[in-house]
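Read top to bottom, the protein sequences are chains U and L.
Note that this note's numbering gives residue 152 to position 120 of the first sequence, counting from 1, and the numbers run on in steps of one.
Note that this note's numbering gives residue 279 to position 83 of the second sequence, counting from 1, and the numbers run on in steps of one.
For the record, the hints were derived by calculation from the structure and aren't laboratory data.
It is possible that some hints are incorrect.
[Claimed, not checked] Dumping the calculated DSBU-like pairs for lysine-lysine here, alpha-carbon to alpha-carbon at most 35 Å:
(1) U:K104 / U:K240
(2) U:K173 / U:K104
(3) U:K104 / L:K226
(4) U:K104 / U:K34
(5) L:K226 / U:K173
(6) U:K211 / L:K226
[Stated by the list, open to error] Covered stretches of chain U (chain L as the covering partner; in silico rule of three or more C-beta atoms under 8 Å from a C-beta of chain L):
(7) 62 to 75
(8) 90 to 103
[Stated by the list, open to error] A few chain L residues that don't get close to chain U, going by computed Cβ distances all over 12 Å:
(9) R221
(10) A237
(11) L270
(12) A283
(13) R302
The beta-carbon is built from N, C-alpha and C at its ideal position, and this holds for glycine as well.
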Amino acid sequence: MKPLAALTVLGLLVLLGLGASGLFPRPELPLPEHVAAAWGARNLVATIVLGARLWDTLFEILIYAMAIVGVKLGLRPVRWEGAGPPVAETPLLRRAADLLLGPVIVFALYVATSGHLGPGGGFPAGALLGTGLLLLLALAKGVERLSAEVHEPTLEWVKYGAIVAILALTGVVLVLGRKGSPYLIAANLLITVEVAIGAWVILHRFAKSRGEL
Amino acid sequence: MEGLTALALAIALLGVGLWTLIVRRNLIWKLLGLNVASSGAILFLVALAHRPAARPPITGLGPGPSADPLPHALVLTAIVIDFATLALALVFVIVLTERRHTQDVRRLERDEEHGWPER
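Produce the entire structure from the sequences given, and follow the hints as far as they go.
Pasting the structure below:
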């Protein structure tokens with residue numbers, strides 16, 4: 033086993049050295065501006081994340097979903113006695129949450145849908161939406177009432193549906209080779225849904241089991 | 197110059213994070229140190245993308261070179277994965293505390309050798 037491993041490492045090193053030696057001609061890389069123009073986008077980062085390095089993004093989404101499943105399963109056997117310490121409730125916080133709820137949702141949707149033209153994209157929008165919604169709703173209602181009102185399994189099925197939709201969409205795009213801004217907008221929106229629900233689930237679980245350590 | 201400042205800050209963050217990770221005995225402090233170190237790594241990558249007098253990697257903002265978009269794309273994924281893995285690690289610490297009633301690494305190791313205390 034050991035000689036095999038040593039041989040593998042040596043082979044990899046030789047391959048690396050051959051690649052770095054300049055014996056083989058390097059492929060001419062297109063200018064990022066031209067690639068972005070072909071995708072109908074202006075944000076170069078969005079074209080890389082959803083175009084040239086799509087596999088990275090897909091596997092990142094899968095890792096994210098698996099981490100959330102791990103959080104869920106890990107916190108399930110934890111039993112705590114009684115409810116945690118109550119969250120302080122003031123009318124000021126509740127009013128502020130009521131006021132901020134709409135703008136946060138609208139801004140997250142704006143960031144998601146304009147992610148291919150300017151700063152933004154699915155991941156920042158999802159983080160905004162998930163953390164913002166959970167924090168504001170928990171401030172306004174309290175975590176216990178929130179978890180009684182929101183049916184979390186439905187949210188999770190929506191998340192799995194979003195992942196399947198992302199895989200189907202990117203598969204179709206990869207097979208057909210169609211490039212364009214509609215694909216970027218749809219992918220960004222789906223990633224927003226996935227990341228937002230993931231952040232929601234994680235923060236909700238942690239907020240429910242507060243005061244445990 | 198901004199690139200150099202960001203590089204120095206990134207290396208300082210990495211040092212502080214690794215120091216906390218090694219020296220502190222509490223598991224939660226260790227995780228915090230790991231997260232600070234990973235922010236240092238992220239800042240390092242963003243600083244690598246910087247070029248003198250560069251504009252953001254968005255076309256149509258005017259002439260001149262743009263910052264390298266590839267590290268930005270890498271960092272975008274790294275931040276989200278950081279969040280998810282930190283949450284998972286904290287869950288493991290919660291379960292460990294639930295079972296062993298301590299987060300002290302040295303005590304955990306000592307109990308591992310001499311047997312777990314009855315609770």
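These are the hints, each one checked on the structure:
1. U:K104 / U:K240: Holds - the C-alpha atoms of K240 of chain U and K104 of chain U are around 12 Å apart, at most 35 Å.
2. U:K173 / U:K104: Between K173 of chain U and K104 of chain U the Cα gap is close to 23 Å, so the pair holds against 35 Å.
3. U:K104 / L:K226: Within the cut-off at roughly 23 Å; holds.
4. U:K104 / U:K34: Between K104 of chain U and K34 of chain U the Cα gap is close to 40 Å, so the pair fails against 35 Å, i.e. violated.
5. L:K226 / U:K173: holds (33 Å)
6. U:K211 / L:K226: violated (45 Å)
7. 62 to 75: With 6 residues closer than 8 Å to chain L, the segment 62 to 75 of chain U meets the three-residue bar; holds.
8. 90 to 103: With 7 residues in contact (Cβ-Cβ under 8 Å with chain L), the coverage given for the segment 90 to 103 of chain U holds.
9. R221: The claim stands: R221 of chain L keeps its Cβ more than 12 Å from every Cβ of chain U (closest is about 15 Å).
10. A237: For A237 of chain L, whose nearest Cβ neighbour in chain U is about 16 Å away, the distance exceeds 12 Å, so it holds.
11. L270: Contrary to the label, L270 of chain L does not stay out of reach of chain U, its closest Cβ about 8 Å off (not over 12 Å).
12. A283: violated (5 Å)
13. R302: It holds; R302 of chain L is separated from chain U by about 18 Å at its closest Cβ, greater than 12 Å.
The structure fails hints 4, 6, 11, 12 (numbered hints given earlier, in ascending order).
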